Amino acid sequence: MSVASAGVLKERPRRFRSVLGALPRAFRAVINLSPLGRTNVGAVALHVVAEGVRMKIALVFLGLLAMIVLALPFSIKGDGSLTGAVQSYLSFSLSFTGFFLGVLTIFLSRSISDELVHRQSFLLFSKPLARWQYLVGKWTGMTIFNFVFLTFSFLCIYGMMHVIIRTKPPVEDSYTSGLTPTSKVDLERLAERKALIGDGTEPTQSADRLRLFTDVLTARHSTMFKVPDFTAVAEEEFEQRLREGFYDAATEPVDRAKEIERLKGKHEARWRIIPVFGQRVFEFENILCDRSPGHFIQLRYRAELYDYPPDEIFRSMWVVGDTGKGATQYVMLPRHIVGRFHTIKVPADCVAPDGTLTVLFSNVNPYADPTWFETPEPVFYNTLEITRDGVKCLFTVGSFEGNLLRLFVLMLCKLMFLAAVGVLMTSVFSYPVACLAAFVLYALAGLRSFMNESLEQFDKYDEPVTATMSAFFNAISSGDGAKASESFQTLAAELISGGLRLIFKVVPDFSYFDGVETLVNGENVSLVWVLQGVGELVVLQTACILGLSILLFYRREVSETSF
Amino acid sequence: MVTTVEKSVPVVQLAGVCKTFRDFWRRPRVPAVVDLTLEVHPGEVFGLLGPNGSGKSTTIKMLLGLLYPSKGRIAIFGRAPSDVAIKNRIGFLPEESYLYRFLDARETLDYFGRLFRLPPLVRRKRTDMLLEMVGLKHEARRPIGEYSKGMARRIGLAQALINDPEFLILDEPTSGLDPLGTRQIKDLIRELGRHGKTILLSSHMLADVEDVCDRVTILYGGRQRAAGHLAELLSVRDKTQIITDQLSRQTIESIRDLVLRLEHKDVLDVSSPRTSLEEFFISIVEDARRANVATSGAAGAGALAEFLGGGKAGGAGDVIRQLESAADAAIDSAVVAPTPVRAPDEGPSRQVLEQLSRPRSEPTPASREPSSDVPAKTAAPVEADADVLRQLMSERTSPKRGSSS
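Chains W and L are the protein sequences, given in the same order.
In short: position in the first sequence from 1, add 3, done, that's the numbering used here.
In short: position in the second sequence from 1, add 458, done, that's the numbering used here.
It is worth saying that the hints were derived from the structure and are not from the lab.
Keep in mind the model is a prediction, meaning the values are calculated, not measured.
Backbone N, C-alpha and C fix where the C-beta goes; we use that ideal spot for every residue, glycine too.
Possibly wrong hints are sitting among the right ones.
Claimed, not checked - Distance condition first, Cα-Cα at most 30 Å in a straight line; then the derived DSS-like pairs of lysine-lysine:
| # | chain 1 | residue 1 | chain 2 | residue 2 |
| --- | --- | --- | --- | --- |
| 1 | W | Lys267 | W | Lys229 |
| 2 | L | Lys607 | L | Lys595 |
| 3 | L | Lys723 | L | Lys697 |
| 4 | W | Lys59 | L | Lys595 |
| 5 | W | Lys229 | W | Lys328 |
| 6 | L | Lys607 | W | Lys59 |
As the list claims (entries may be wrong) - Some chain W residues judged to face chain L by a derived CB distance under 8 Å, without partners named:
| # | residue |
| --- | --- |
| 7 | His50 |
| 8 | Leu132 |
| 9 | Val561 |
This is chain W alone, in the form it adopts within the complex:
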């Protein structure tokens, strides 16, 4: 190989590096203009960014992320509809973005342990750089890195979502529209009620496309219905059972409060089951929507049928609005595919002026009534169950873009917390151990709600540990091996559950702050929720973890113990 060609070959990676180097230079220019640029924290932060964009693993992750975000629109199908495709794209791309940046944050934090192992710390701490400045600078750098790449990802996702909307044809599916064909309704029969079939407007675009904008690309506040209070019923039943000696045969004494709670649950579950021709009234409160003409609320529901009809279409009747409270009443006759969430759009004046909404649901098939429809549809009746989140009232409170922005903040809060965890771990442990510990914490945070449910099995061990210990020692001293063994098992279970509960107290619940599903469902990622995320994840937990890191790192000898 000639010298000249060797030179050309060598130039290519240099050009590549210079392109990569342009990014930190751009960061530097921005940070230089800010007050942060004149501090040591800023200097360290900039360095983290410079390192981050040159880390091979970071490039691999960012490449994968770019591939997913940019390539997914051309391959995603969802449920076949335009709405489904957009929802699937948003769900996948946003979840992957959060996951990849989370993992990348943990990898980025290894720079602390790397600097200790490779002794760059000798140079750093021979400069006027306080230990807290170093750690806070690292955290700030990771946060800036995440901020930039999260911004970039969100912009790409938003742009590619519009590519899907423009390129993918909507699917015509009258069953998914939630609108009942007006031609088939005997309006005279419903004349006594001011019935409105459909949303009262002529759709100018396909139902699929319309659904995308009303169900996904919006920000709707959702309210759950008020579950009736079954306490009195449960107490009455308990007393009756007591009188009838129902509990006499019980092997253990019955706890009154627990039993009443159980009976309440039973009545609530029973209430959720709606038999054929049965009705339920759902009461909603605090629906603070604009009731003026042209505004709508949505009822989002999903019915689980005990047996599916042959055509998998569920027909029902909804009477929305209580005239007695000053609201306008509407009758809705939706036909929807079973097992999915569907939305019924109702004019907003169905909400009473006091913000309450009354909805009567009837498990009847009006389409089978020949007096209503000239060509009645096949009769199929079945018992159904409305799950806890089965019926929601939604009303628009903002835009999709605002929702996306708030989700961005929520995701950034999680990444800030993770960055703090990475700082803590890598300032205490060396790289592999630190990364492993940070990953475990990340996984725990993601699975916390699931783990909480798992821990509920330990609820039966509610005796104080001291009492169990004394029982254990008493059993040993009295020579009762069986009781000692039982006490020991109880003690172990109490200690394990206590330890796990303690851990979960300091580990945030990432699933609680996961706003992706909310956004995808077109529900409002509320500002209160975001502020709660900022307060819990950043102000409280991140600050505590960073404080702990500084405390532990303050007296650490940064030089290795060899000489």
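Chain L: place on chain W using the hints.
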């Protein structure tokens, strides 16, 4: 950067300092430094000597607050090493460069400059000057991971000087450097010393220390074994060495007779000094540079950066240039005849003998400000009086450097 030093306060004070490394269970494992007491005064070039594992680097790490002493007291500029503010006045070159492989030289210096909160313009200017000084301006945009060890070492030195430190700690500064680089570092140390910097030099390269240090401490097994001025420690009081221009055999015989007659002692050795391999090597490299032979390594070092006090008459640049011309002379003379490198300007050999016969002067510490062309060490007193004629020739304990007299 303020370069005035507080004369009253020693720059470094160690009093009974011990450092014992412990194992995972906190059990004492290795005593790295034992009861070390020393002081480094402002403007001094102080050498910390010792073989590998003698505790030099541990001492330096304790000075910088990277390690904490198990016992004893350490003060730098009268304050604890953990005081972040004093680090503004310190420059540190570790035993290996420990730089970031993914940064280029300019980014590296910029980063460390930021940590001293230097304004952007000052940072840029100093970066340019330091890159020029260490001869890496043309490679400033190459990632340091691609640098040779010597080039990385030069950047390491540049980062140690970015804040124009009052106190410079150099741990094995010539490690990994070629002879030319070694020479340049030594020249730089001398020049910085001339500009009032206090320098702590740790090394086991004895020749390096000998060339530049005023005072040394020798450590072994973590304990201080010897300490003092180099001139005192190294002077061989029962021998006399006289170096002059080439003498004829007849004159040598006359001197031998004279010594025998007056002192009743024999002349032990008469020889022509050789130029050193270092000088020879430097001259070859300089010739190549003059011929513009391409290299991806460091270029010839530039003058001492202006902010460090360079750019003035008698600065490091002058020193380097003079040394380089001396090297040229050395190679010339090495090829033609084994004569001293430096052109003699003290007059004929008789005159030298007359000078040597002047009254004895008290030994003085090595001057921190030697003349620009004579290294500090050469100011070490040679006990010379009328009796010296009786000890005209000393044994070969004298340095062989051509520039020494």
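Hints, verified against the model:
no., hint, verdict
1, W:Lys267 - W:Lys229, "holds, 15 Å"
2, L:Lys607 - L:Lys595, "holds, 17 Å"
3, L:Lys723 - L:Lys697, "holds, 11 Å"
4, W:Lys59 - L:Lys595, "holds, 28 Å"
5, W:Lys229 - W:Lys328, "holds, 17 Å"
6, L:Lys607 - W:Lys59, "holds, 24 Å"
7, His50, "holds, 6 Å"
8, Leu132, "holds, 5 Å"
9, Val561, "holds, 5 Å"
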